[in-house]
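Peer 1: Given the structure of chain A, go ahead and fit chain B onto it with the hints provided.
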Amino acid sequence: MSSRRSRSRQPGDSRISDDQIADLVSKLQQLIPEIRNRRSDKVSASKVLQETCNYIRNLHREVDDLSDRLSALLASTDTDSDQAAIIRSLLM
Amino acid sequence: MFLCVETTRSYSMEKSYMVTDSEGGYRSMESNRRKRKKMESGTQKVKRGGRWRTEAEQQIYSAKLVEAITKVRRSSAPAAAVHRGRAVREAADRVLAAAGKGRTRWSRAIMTSRVGLRLRKRRKVTVTGNNRLRKPAVSKQEPPLKRRVRVLGRLVPGCRKLSFPNLLEEATDYIAALEMQVRAMTALAELLAGTGASSSNLQPPSC
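Respectively, the protein sequence lines represent chains A and B. Quick note: the first sequence, position 66, residue 66 per our numbering, numbers continuous. So the number in our numbering is just where the residue sits in the second sequence, counting from 1, plus 1000.
Bound-form chain A, shown alone:
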C-alpha cells in the first residue's frame, strides 16, 4: 500500500469504511509469515485475521514451551548466579 492516507484514520470514527479495513488488513497481512510467503495479494480479510490469530496463538505456545524449557534448564544448573553472569557476559 502507499503512504498516501487520504482517509482520516481517527480512532473515533463512528463508521469504518470497508476500504479502510481492507487497507489495514493488508498491512497486517505482511506480518504473517504464512500469508507473506504465499505471495498472494488476494487473501481475504477474514483469512488474514484468522491467520493472525493463529500466529499469535502459535507464538504464545512457543513462549510457553520455551518458558518450560528455560525453567527446566535453570533447575538443572546449580550455580545460577554464575549462569546469569556468564549469560550476561555472553549476551553483551
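Derived from the structure by calculation, the hints contain no laboratory data. Honestly, I wouldn't trust all of these hints.
[As the list claims (entries may be wrong)] The calculated lysine-lysine pairs, modelled on PhoX-like cross-linking and capped at a C-alpha distance of 25 Å, are:
#1 B/Lys1146 - B/Lys1161
#2 B/Lys1064 - B/Lys1101
#3 A/Lys47 - B/Lys1064
#4 A/Lys47 - B/Lys1101
#5 A/Lys42 - B/Lys1146
#6 B/Lys1101 - B/Lys1146
#7 B/Lys1071 - B/Lys1101
This structure is a prediction, so every number in the text was calculated from the model and none was measured.
Peer 2: Only chain B this time, still in chain A's reference frame:
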C-alpha cells in the same frame, strides 16, 4: 531462517512501523545479526515494529529476562515444573511489556494485570454502543470477519474493546514483540543448554 528484510515493502503510514522481516527469524540468533546489517535503523520506517527487531533490543531483553528468571528460580520452591514454567512465562511477559515502555496498550495491560488486577482487565463493563456497534448477540449472526476481529482482540492483551484500526496497530506491535521474545528465549535456552552440557569451556573452573 531465511530473512528477507525489505525496506521497500514496509508501509509508511503516518505511524510507519511495519517492518516486514523474518519469518523464521526467531530460530537463530545469527540471522538476527545478519538482519542488523539491513536493518532500517534510524530511518523513518523503524518505529514500533522495527524496534523489536533490533539486536540491541533483544539483548537488553535477554539480559533482563535472565535476571528475572533467575529470580524466579531462586524464589519459587522446587515445586511442580508447571508452576515454574508458568512463572518463567509471566516473568518473560513482564519484561517484554516493560520493554514496551508503556507505549502500547498491550504492554500496559500486561503490566497492570500482573499486579493482580486481572479481574479489572477482564470484567470491564461491556459497552454495547462502541464505535463499531458490536452486537453482543448470537455469534452466528455475526459476520465471520467481525468475529475474527473479536478473537484477535482477545488474544492481544487489553485490546478487547479497541477499535479496529487501533487493534491492528496493537496487534502488529504485539506480534513483533512476541517474535522477539521467542527469539530471545530460544537463544537463551540454547545458551543454557550449551553451558549446561559442556561446562568446560564456558564456566569458570572454580565455582
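Peer 1: Look at each hint and say if it fits the structure.
Peer 2: Hint-by-hint comparison with the structure:
Restraint check: the Cα-Cα separation between B/Lys1146 and B/Lys1161 comes to about 12 Å, which is no more than 25 Å; the hinted pair holds. For the hint pairing B/Lys1064 with B/Lys1101, the CA-to-CA distance comes to about 14 Å; that is within 25 Å, so the pair holds. The straight-line distance between the Cα atoms of A/Lys47 and B/Lys1064 is roughly 36 Å, outside the 25 Å bound, and the hint therefore fails. For the hint pairing A/Lys47 with B/Lys1101, the CA-to-CA distance comes to about 32 Å; that exceeds 25 Å, so the pair is violated.
Restraint check for A/Lys42 and B/Lys1146: the C-alpha separation of about 19 Å stays at or below 25 Å, so the hint holds. Pair hint B/Lys1101 plus B/Lys1146 does not hold up; C-alpha atoms about 30 Å apart against a cutoff of 25 Å. As the CA atoms of B/Lys1071 and B/Lys1101 are separated by approximately 22 Å, the hinted pair is consistent with the 25 Å bound.
The structure fails hints 3, 4 and 6 (numbered hints given earlier, in ascending order).
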